[in-house]
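J.: Now for the letters of each chain:
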Amino acid sequence: MLGLTGISLAAAIFPGAYPIPFDAVLATLSGQETDATRKIVILDIRLSRICLSWLIGSGLAASGVVFQGLLRNPLADPFTLGVSSGGAFGASLAITLGLAGAGSVFGLRALPMAALAGALAALAAVVALGRIGGQLRRETLVLAGIVISTFLSACISLFKALNEESVSAIVFWIMGSLQGRSWDHVLLILPYYLLGCSLMLAFSRELDFLSLGESQARQLGVATTQVRLALLGGAGLVTAAGVAVAGVIGFVGLVVPHMVRLLLGAEHRPLMIYSALLGGLLLVWSDVAARVILPGGAELPVGVITALLGGPFFCFLLRRQRAGHS
Amino acid sequence: MKSVSQAHDAPLFYCQGLELGYAKQSETILTGLDFSIHAGEIVALLGPNGAGKSTLIKAMSGVVAPQAGQAWLQGSSLSDLRPREVARCCAVVPQQMEALFGLRVRTLVSMGRYSRLSFWSGPGSEDRQAVDAALEATGMTSYQERPVNRLSGGELQRVLLARALAQQAPLLLLDEPFSAMDMAWRVRCFDLLLERPHSSAVLVALHDINLAALYCNRILFLKERVIAYDGPVEPVFSEKLLSDLYETKIKIAPHPETGRPQAFPVPGARCVHPFAGGRRVPTPDEPMPGTRTGH
Amino acid sequence: MCLLRTNPCPAQELVIKDDLERQIQLKTPAQRIVALYGAFNEILFAMGVGDRLVARTQADAIPPEITGLPSIGTHMRPNVERIVGLGPDLVLQMGGRKAARQSVDNLERFGITTAMFHVETFEDLFSVIHRLGILTNAPGKAQDMIHQMRERLNAVRARLPHRPGPLVFFEVRSGNLLTAGQASIVTDIISHAGGKNCVELNDRLVRLSEEELLRLAPDVYLSQRGPMNPAPQDIIRVSRFATLPAVQNGSVHIVDEQMFSRPGPRNVDAVEQLAAILYPELFPELAATAADTE
Numbered sequence: 001m002l003g004l005t006g007i008s009l010a011a012a013i014f015p016g017a018y019p020i021p022f023d024a025v026l027a028t029l030s031g032q033e034t035d036a037t038r039k040i041v042i043l044d045i046r047l048s049r050i051c052l053s054w055l056i057g058s059g060l061a062a063s064g065v066v067f068q069g070l071l072r073n074p075l076a077d078p079f080t081l082g083v084s085s086g087g088a089f090g091a092s093l094a095i096t097l098g099l100a101g102a103g104s105v106f107g108l109r110a111l112p113m114a115a116l117a118g119a120l121a122a123l124a125a126v127v128a129l130g131r132i133g134g135q136l137r138r139e140t141l142v143l144a145g146i147v148i149s150t151f152l153s154a155c156i157s158l159f160k161a162l163n164e165e166s167v168s169a170i171v172f173w174i175m176g177s178l179q180g181r182s183w184d185h186v187l188l189i190l191p192y193y194l195l196g197c198s199l200m201l202a203f204s205r206e207l208d209f210l211s212l213g214e215s216q217a218r219q220l221g222v223a224t225t226q227v228r229l230a231l232l233g234g235a236g237l238v239t240a241a242g243v244a245v246a247g248v249i250g251f252v253g254l255v256v257p258h259m260v261r262l263l264l265g266a267e268h269r270p271l272m273i274y275s276a277l278l279g280g281l282l283l284v285w286s287d288v289a290a291r292v293i294l295p296g297g298a299e300l301p302v303g304v305i306t307a308l309l310g311g312p313f314f315c316f317l318l319r320r321q322r323a324g325h326s
Numbered sequence: 001m002k003s004v005s006q007a008h009d010a011p012l013f014y015c016q017g018l019e020l021g022y023a024k025q026s027e028t029i030l031t032g033l034d035f036s037i038h039a040g041e042i043v044a045l046l047g048p049n050g051a052g053k054s055t056l057i058k059a060m061s062g063v064v065a066p067q068a069g070q071a072w073l074q075g076s077s078l079s080d081l082r083p084r085e086v087a088r089c090c091a092v093v094p095q096q097m098e099a100l101f102g103l104r105v106r107t108l109v110s111m112g113r114y115s116r117l118s119f120w121s122g123p124g125s126e127d128r129q130a131v132d133a134a135l136e137a138t139g140m141t142s143y144q145e146r147p148v149n150r151l152s153g154g155e156l157q158r159v160l161l162a163r164a165l166a167q168q169a170p171l172l173l174l175d176e177p178f179s180a181m182d183m184a185w186r187v188r189c190f191d192l193l194l195e196r197p198h199s200s201a202v203l204v205a206l207h208d209i210n211l212a213a214l215y216c217n218r219i220l221f222l223k224e225r226v227i228a229y230d231g232p233v234e235p236v237f238s239e240k241l242l243s244d245l246y247e248t249k250i251k252i253a254p255h256p257e258t259g260r261p262q263a264f265p266v267p268g269a270r271c272v273h274p275f276a277g278g279r280r281v282p283t284p285d286e287p288m289p290g291t292r293t294g295h
Numbered sequence: 001m002c003l004l005r006t007n008p009c010p011a012q013e014l015v016i017k018d019d020l021e022r023q024i025q026l027k028t029p030a031q032r033i034v035a036l037y038g039a040f041n042e043i044l045f046a047m048g049v050g051d052r053l054v055a056r057t058q059a060d061a062i063p064p065e066i067t068g069l070p071s072i073g074t075h076m077r078p079n080v081e082r083i084v085g086l087g088p089d090l091v092l093q094m095g096g097r098k099a100a101r102q103s104v105d106n107l108e109r110f111g112i113t114t115a116m117f118h119v120e121t122f123e124d125l126f127s128v129i130h131r132l133g134i135l136t137n138a139p140g141k142a143q144d145m146i147h148q149m150r151e152r153l154n155a156v157r158a159r160l161p162h163r164p165g166p167l168v169f170f171e172v173r174s175g176n177l178l179t180a181g182q183a184s185i186v187t188d189i190i191s192h193a194g195g196k197n198c199v200e201l202n203d204r205l206v207r208l209s210e211e212e213l214l215r216l217a218p219d220v221y222l223s224q225r226g227p228m229n230p231a232p233q234d235i236i237r238v239s240r241f242a243t244l245p246a247v248q249n250g251s252v253h254i255v256d257e258q259m260f261s262r263p264g265p266r267n268v269d270a271v272e273q274l275a276a277i278l279y280p281e282l283f284p285e286l287a288a289t290a291a292d293t294e
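Line by line, the protein sequences give chains A, B and C.
Residues 1 to 326 in the numbering used here are what the first sequence spells out, letter by letter.
Residues 1 to 295 in the numbering used here are what the second sequence spells out, letter by letter.
Residues 1 to 294 in the numbering used here are what the third sequence spells out, letter by letter.
The hints are simulated quantities; they were obtained by calculation from the structure and are not laboratory data.
Heads up, a few of these hints could be off.
[What the hints assert, rightly or not] With beta-carbon atoms standing in for the labels, derived distance ranges:
#1 A:L264 - B:T141: 17 to 25 Å
#2 C:T67 - A:S198: 53 to 61 Å
#3 A:Q135 - C:T67: 52 to 60 Å
#4 B:R188 - A:L264: 29 to 37 Å
#5 A:A154 - C:G85: 25 to 33 Å
#6 C:N202 - A:L264: 24 to 32 Å
#7 A:L264 - C:S239: 39 to 47 Å
#8 A:D35 - C:I236: 19 to 27 Å
#9 A:F22 - C:D105: 48 to 56 Å
#10 A:R319 - B:D80: 46 to 54 Å
#11 B:Q96 - C:N79: 52 to 60 Å
#12 B:E257 - A:Q135: 46 to 54 Å
#13 B:R188 - A:L263: 53 to 61 Å
Here a beta-carbon is modelled for each residue, glycine too, at the ideal position from N, C-alpha and C.
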């Protein structure tokens with residue numbers, strides 16, 4: 001799996017709209033290419049997109065494992081608790097107020113910062129609502145997620161209605177894309193990604209327990225509330241970071257954990273590690289497809305590709321599972 | 001905090017004025033609970049459906065906080081203990097488990113060792129031995145790589161028992177642990193409980209009063225929100241008392257092998273026969289004192 | 001695009017075919033008109049029948065006379081109740097997006113005559129003006145207007161050199177880079193101004209990869225500023241575009257969205273302005289005003 005990841009990351013650098021011969025790619029990577037545009041295309045555009053798509057894909061898949069185990073719901077995904085709505089809300093607000101291109105923090109525009117703030121705020125609100133009564137119960141969490149999501153979606157619709165000109169910008173943003181992203185975006189999400197992934201990995205063993213339910217986890221010695229909070233924080237951070245720079249990319253966080261569970265079994269630590277690897281791979285190649293599949297250098301939103309791949313596969317999984325039970 | 005000084009006599013579990021319900025304001029399920037469990041005891045927890053047997057077990061393992069009163073585990077107040085510390089003192093076999101994601105049998109049994117691992121370390125050889133022994137004892141060794149959602153109900157209950165055994169806690173709380181097992185495994189699992197070290201104790205919630213008579217040396221009977229009976233087994237096995245407790249006619253005879261008392265319900269003893277024109281079906285020694293009649 | 005004059009009818013018969021290929025017939029010249037797209041206001045005022053407008057959309061402010069009219073919602077989501085309340089005899093809508101079509105269907109359900117137009121080129125625009133002339137019974141004024149616009153376009157063309165013009169890239173929106181394809185009026189504006197839209201895809205709007213932009217290597221980079229693109233990116237400062245010919249020539253310009261990518265009479269202004277950007281030496285008198293708008 002690691003080998004496949006390595007090979008893929010290397011191979012994904014070759015396809016693209018700007019024609020660069022095979023040996024020129026190698027020359028660029030070894031620092032011998034002299035053509036400035038080729039260097040920009042390889043090192044600045046393609047490489048940064050590959051890294052970013054791998055980070056986001058792996059983060060979404062790992063978060064998917066956490067959310068499914070935590071909420072004990074195989075249909076949960078990183079967006080179940082409203083992180084995506086929060087990000088979309090932040091982004092829409094920035095677009096509506098015309099701030100999308102304004103400002104620059106670490107060389108970045110305001111849009112990803114607003115989306116990140118929105119996603120984190122939504123997560124915090126869901127956790128705060130879910131903690132009413134002291135414990136972090138999954139039913140309350142899911143309900144809080146639905147409430148926050150619905151409310152924020154309504155706000156987004158309001159923005160769209162108030163400002164017709166921004167509709168397409170909001171819609172395009174929500175669809176999820178890695179077009180035009182750069183190393184700045186990689187640097188923006190890297191701290192959140194690393195912190196979030198360490199939290200998720202540190203408590204991945206406890207996910208096995210949480211997936212059995214509150215009582216059993218407690219009876220076996222798990223401090224459930226603290227562990228839930230840590231896992232939720234970790235998965236939320238990673239998801240929020242992904243949403244902030246790429247918009248909403250669906251199905252990776254839902255389907256990849258199921259695929260890996262089918263191959264490896266349900267133990268959460270290996271499940272999380274392999275899901276991250278597979279999720280990264282999936283998004284890298286989906287993004288390659290998004291940028292080369294249409295003729296004439298037009299791009300598809302990568303969210304469309306993952307949905308096209310993920311939808312049918314998920315139907316297959318559901319059918320298979322039902323067949324397995326009967 | 002009350003702790004009993006004499007180590008030999010110290011109860012594993014002890015509670016005083018315990019009042020249980022699911023939320024602070026909601027209706028009380030059990031009230032005025034005062035009892036203790038000592039090493040070497042095998043206590044049967046009996047009572048009709050909804051009497052609060054599962055709630056009591058959850059409270060004893062720290063999952064349900066009491067509405068009033070206090071409980072102690074090995075001398076420490078339950079409310080002061082962290083989940084990890086509770087799990088080192090008492091292991092629980094839950095009534096049922098929803099095997100959502102199909103963890104492997106061995107993974108599930110290994111979970112019993114969690115409270116003994118530190119945050120950073122993985123399981124050591126001692127942990128592996130405990131898991132192996134528990135799997136062996138419950139006959140699940142050859143199933144250990146199988147996902148739990150492919151097991152039958154009885155097999156799953158054996159896995160849950162194995163997990164509790166691997167936990168090596170002095171107090172074992174079992175909530176109708178063998179209900180889905182066939183008769184042979186039910187007996188074998190009870191035999192396992194008898195083999196446990198003398199320093200440990202067992203509380204087992206049961207519906208089968210005869211199994212309680214065969215294996216337990218004490219009965220705790222819950223009824224109408226209180227402990228209706230707490231004491232040795234033999235006095236319970238009077239036909240009048242049991243008939244009163246269960247509100248149906250019960251006859252008693254000794255077990256042919258061990259001589260322990262066994263209870264037998266009598267068919268049609270209480271119900272109004274649908275084809276008898278509203279008359280009760282007559283039974284040999286009617287009327288029964290203390291038994292409620294048809295209307 | 002063409003007139004429907006099949007049956008012998010009196011000269012004042014008010015019949016056209018709109019761009020949904022539907023026959024639109026009025027019994028009397030339109031007297032109470034609601035335009036759901038700003039450009040119609042400009043056209044009707046230029047033809048001298050602007051006083052027949054009875055409403056405007058929320059965003060419309062050109063020409064200034066219409067700001068006094070009641071607003072009936074937006075281009076994509078007009079308020080049908082208000083329109084019906086105004087009792088118009090003709091509603092004009094500019095098409096392209098499905099939602100606009102839906103608004104037309106809603107109005108027709110109330111028996112309001114609605115004409116739908118679609119503009120990709122100057123010829124389409126002239127055809128719209130011509131048909132509006134028929135519906136308002138001002139065909140002569142329409143012809144004059146078309147004639148004037150053609151004259152101005154021809155005047156620009158006459159001064160252009162006889163060689164292939166520079167490759168032009170038009171940024172509709174930055175961020176997720178969106179550009180104008182061949183089906184956009186922008187492409188016709190560029191070619192009338194002596195340039196060539198470097199994007200050859202046939203759509204109106206194209207999401208383009210940045211690599212493709214580098215491959216297309218445009219000589220001139222235009223960003224529109226307006227509601228679609230409130231903050232055009234300053235590509236001169238973006239390192240990955242450093243090798244772009246447009247950046248190296250310093251040929252990066254910001255233009256007005258209303259003028260360039262909304263079909264309407266001001267597209268002729270756009271042609272003149274762009275010609276001055278592309279050929280400053282050939283249009284010295286226009287080059288000064290073009291520079292002002294940047």
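J.: What hints, given by number in increasing order, does this structure fail?
T.: 6 and 13
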